[in-house]
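Participant: Protein chains in written order, with this note's numbering: chain D, 1 to 644; chain C, 1001 to 1365.
None of these hints come from the bench; they were simulated from the model. Values in this document were obtained by computation on a predicted structure and should not be read as measured data. Check before you lean on any hint, since a few could be wrong.
[Said to hold, decoys possible] Okay, derived cross-link-like pairs now, DSBU-like style, lysine-lysine, Cα gap no bigger than 30 Å in a straight line:
1) C:Lys1065 with C:Lys1165
2) C:Lys1065 with D:Lys440
3) C:Lys1032 with D:Lys440
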Amino acid sequence: MSSKTVEKLDRVVIRFAGDSGDGMQLTGDRFTSETAALGNDLSTLPNFPAEIRAPQGTLPGVSSFQLHFADHDVLTPGDAPDVLVAMNPAALKANLRDLPRGATIIANTDEFTKRNLGKVGYATNPLEDGSLESWHVHPVALTSITVEALASFDSLSRKDKERAKNMFALGLLSWMYHRPTTGTEAFLAKKFGSKPDILEANLTALRAGLNYGETTEDFAVSYEIAPAVMPAGTYRNITGNAALAYGLVTAAHRAGRPMLLGSYPITPASDILHTLSGLKRYGVTTLQAEDEIAGIGAALGASFGGWIGVTTTSGPGVALKSETIGLAVSLELPLVIVDVQRGGPSTGLPTKTEQSDLLQAMFGRNGESPVPIVAPQSPADCFDAALEAVRIATTYRTPVFVLSDGYLANGSEPWAVPSVADLPDLTVELATEPNATDDKGEPVFHPYLRDERTLARPWAVPGTPGLEHRIGGIEKADVTGNISYDPDNHDLMTRLRAGKVERVAETIGDLEVDDPSGEASVLVLGWGSTYGPIAAAVRSVRNTGAKVARAHLRHLNPFPSNTGEVLRRYDRVLVPEMNMGQLAMLLRAKYLVDVHSFTQVRGLPFTTVELADAIVGLAADATTSDDAGSAHTDQPVTSQGGHS
Amino acid sequence: MSTDLGMPSTGVPHGTAGVPRLAEDATRQTKKEFTSDQEVRWCPGCGDYAILAAVQGFLPDLGLKRENIVFVSGIGCSSRFPYYLDTYGMHSIHGRAPAIATGLATSREDLSVWVVTGDGDALSIGGNHLIHALRRNVNLTILLFNNQIYGLTKGQYSPTSEVGKVTKSTPMGSVDHPFNPVSLALGAEATFVARTMDSDRKHLTEILKAAAAHRGTSLVEIYQNCPIFNDGAFDLIKDRSEQEARIVHLADGERVQVGPEGDRQVLVRGEGGVMEFVPEAAAAGRDVVVHDTHAGDPTQAFALSRLDSPQMTHVPMGIFRDVVRPTYDDLVRAQVAAAVDTSGGVAGDADLDQLLRGRDTWTVA
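All chains, please: the whole structure from these sequences, using the hints.
Facilitator: Shown next, in the form of structure tokens:
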């Protein structure tokens, strides 16, 4: 490649930002794919508005895609971008506050018109008025150079030509970071195969971007990031929603049962429905229902029929499904409820992430209605979480929650693809024979006669002769399942249902603590998607020589059996959550341990820096305070919440 | 964009096609075999008893394996029905039985799936699921017990109660305009809609037979008396001296008429297509309405459903509509089968491995 300087870096964070219609998600996806193919570890954070096309050029219309890639293992999408690609003034304004001084800005000067500047309140052009002098600004006339590069495409309108500017930007960045473009070329060929002129225009724009970096003097340096050292295996890049969909299909396959997804479209869960609807060949039936309630109803109907019934939704949908989840608790049938959490309450922030449905999953039903909860910790881990949810649901004959969130759903990372045959055997035993005798010695079937180990009841599906029975939401008599209003029976059944869920703990293993020194006095305990940010923050604190322990809960109900013991082992426990302290409340209630809650609800994952600060702050407390445990009892650490 | 679903346009499978049957030479099942060991707990005199007896008596006629029959219900007096039948059954939650049954019927072609519901369950809290089951045409038979009152909650007005009805929740009379379940079903693109009555065992059984034979969602409205909270709601059409002049027995291919011979009224189309009953003698030369249950256009069936009035001057009974349309569950299964066929059969481990890997993998040694 030329006489230009090549520098080696260990990590880079790039953010592509533009108007919702500028194709930034696609550009980010392609750059990610190229990066994955090079063997870097990576993590991504798409961030887009709920509106499909907000007014052009405005702040609410800004869509961005952040990618963190490195020559070592990557835990988060990165706190702050090293490079911002700003396709218009709104994209610059919306993202500049996240950009550390000294970072690089590539701005599309064509869009910095008086009108567009005015739309976002710039009185003067920031590219020219000196206000960006602390950053490395590369002004590039992205649109007009792209149009010029496509001058010979007579069949295309100017608008069509302008649309290819994201490919020009991708080409330029690919040059800067030595990314191969063959994957993107193949992708474009597939996408635009039936429109040869559009295909050729996009390829031309991509190459023009590469050549621009190569030839223009403005870009003097390009960068290399060596592949990360990763465990041996076959890898692919995968988003949380795709991993969840694949996990469900694979689990049903390993269970030897067909699967029915009953679902109603809702952000950010809809992609799971889309993915599964294309997997009919793998034993999947999808049913787009008339509402959230019908979605879970259909799933429960299929469960009654012996299938793996699944419903996918987000927080508002869970609220609507609550009554049916309660029915499933009473019927004691397997059912998987996937909640891809988003900002709430009510419609809240549909495209932004939050972990605020934990208590809804735990308690959001009438009566004593315990439901196991599994939470994936990273996009690829959504696959394993889905398998675990199906395992618990079919083993214990219970509805199970999977609590994913918007960050995991749309974020992506490399995934070491497992071999299906090596995955756990989830084979299900259906009841086929009567399990008791009546007083005349005749064989009879008792639908609520429980397995001694799991307390699960038999799964006897229609079509099985001799096992005809009726189940329902009215309290049932122990063993026979007949309607019963007997006080003692209700007390017994309530305790049996609770005890059954508690027994799940026998098969989930202990809570593992990562405490390399064995001398830490502070434990950071998280759940779900905060895994990456917490691990990154703990790593950064340890790099300063401090000793910090870390643990992560995958099962939120029941907790691993040793959770209380782990909590009591440390002077201070920090519980970071993207809610107002829901796990902290559960831990305090169950274990009487004064955990310190650290919370934020900004619709975005924690940054490493803010978490590291919180850990350091608590660690300092732990070492300076003699009367450990009392000084801060009533003042849990709380984040400032807003950066404005 | 639409796709040819490749469904045959001719050949009408029976509603129970695909459900395992008893052997040809097997002894006929008995009503007793369909009776569970549970004590029936409806109020004395409730119309539900008669419907239960009719259903238990009819099910053996289907000749299906008992274990392949499922009754799903919602909440309300009628929804206790499944407990009393020795089949598989689910007493679910209020209004949701059609949704649950849709999932069951879609996943299990080998089951005969029945929904038992009431006017509150199906038309009020569960109205959405009912209309969507009907438009999808899932292979279900829905028995809608209409007693025009909320019984289990002890006597509030329902979506089929007449305006002005005084109930516990409407001491000054209800101001809610009711809707007509048959009109509603026809408007929701139902392929089979019929009406019958708890006290007419023969008619009820005939309708059950036709409903079970229909492939798709069959909606059967059953007028049912609640002796406690709305007693006598249907007396005008139960009274032998009144019913002949009021009940319009719908018969396919025959003119629509009411009343005894000698005092017969015939339905004709008047100016602007408006229907009216005229004395038989006056019908000559008029555009007499001939019932056609198989008409593709539901307009006439809908017009017949509008003959109803709170005064029950004329009450059509029988099958309003019975047309062929591919069922949702058959279409869904056909798509799955086509996907399996075109990709070389049911997916095994290797196929799944390939799916998980996707098109864009790299290997770390």
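Participant: Of the numbered hints stated previously, which ones are contradicted by the structure, given in increasing order?
Facilitator: 1
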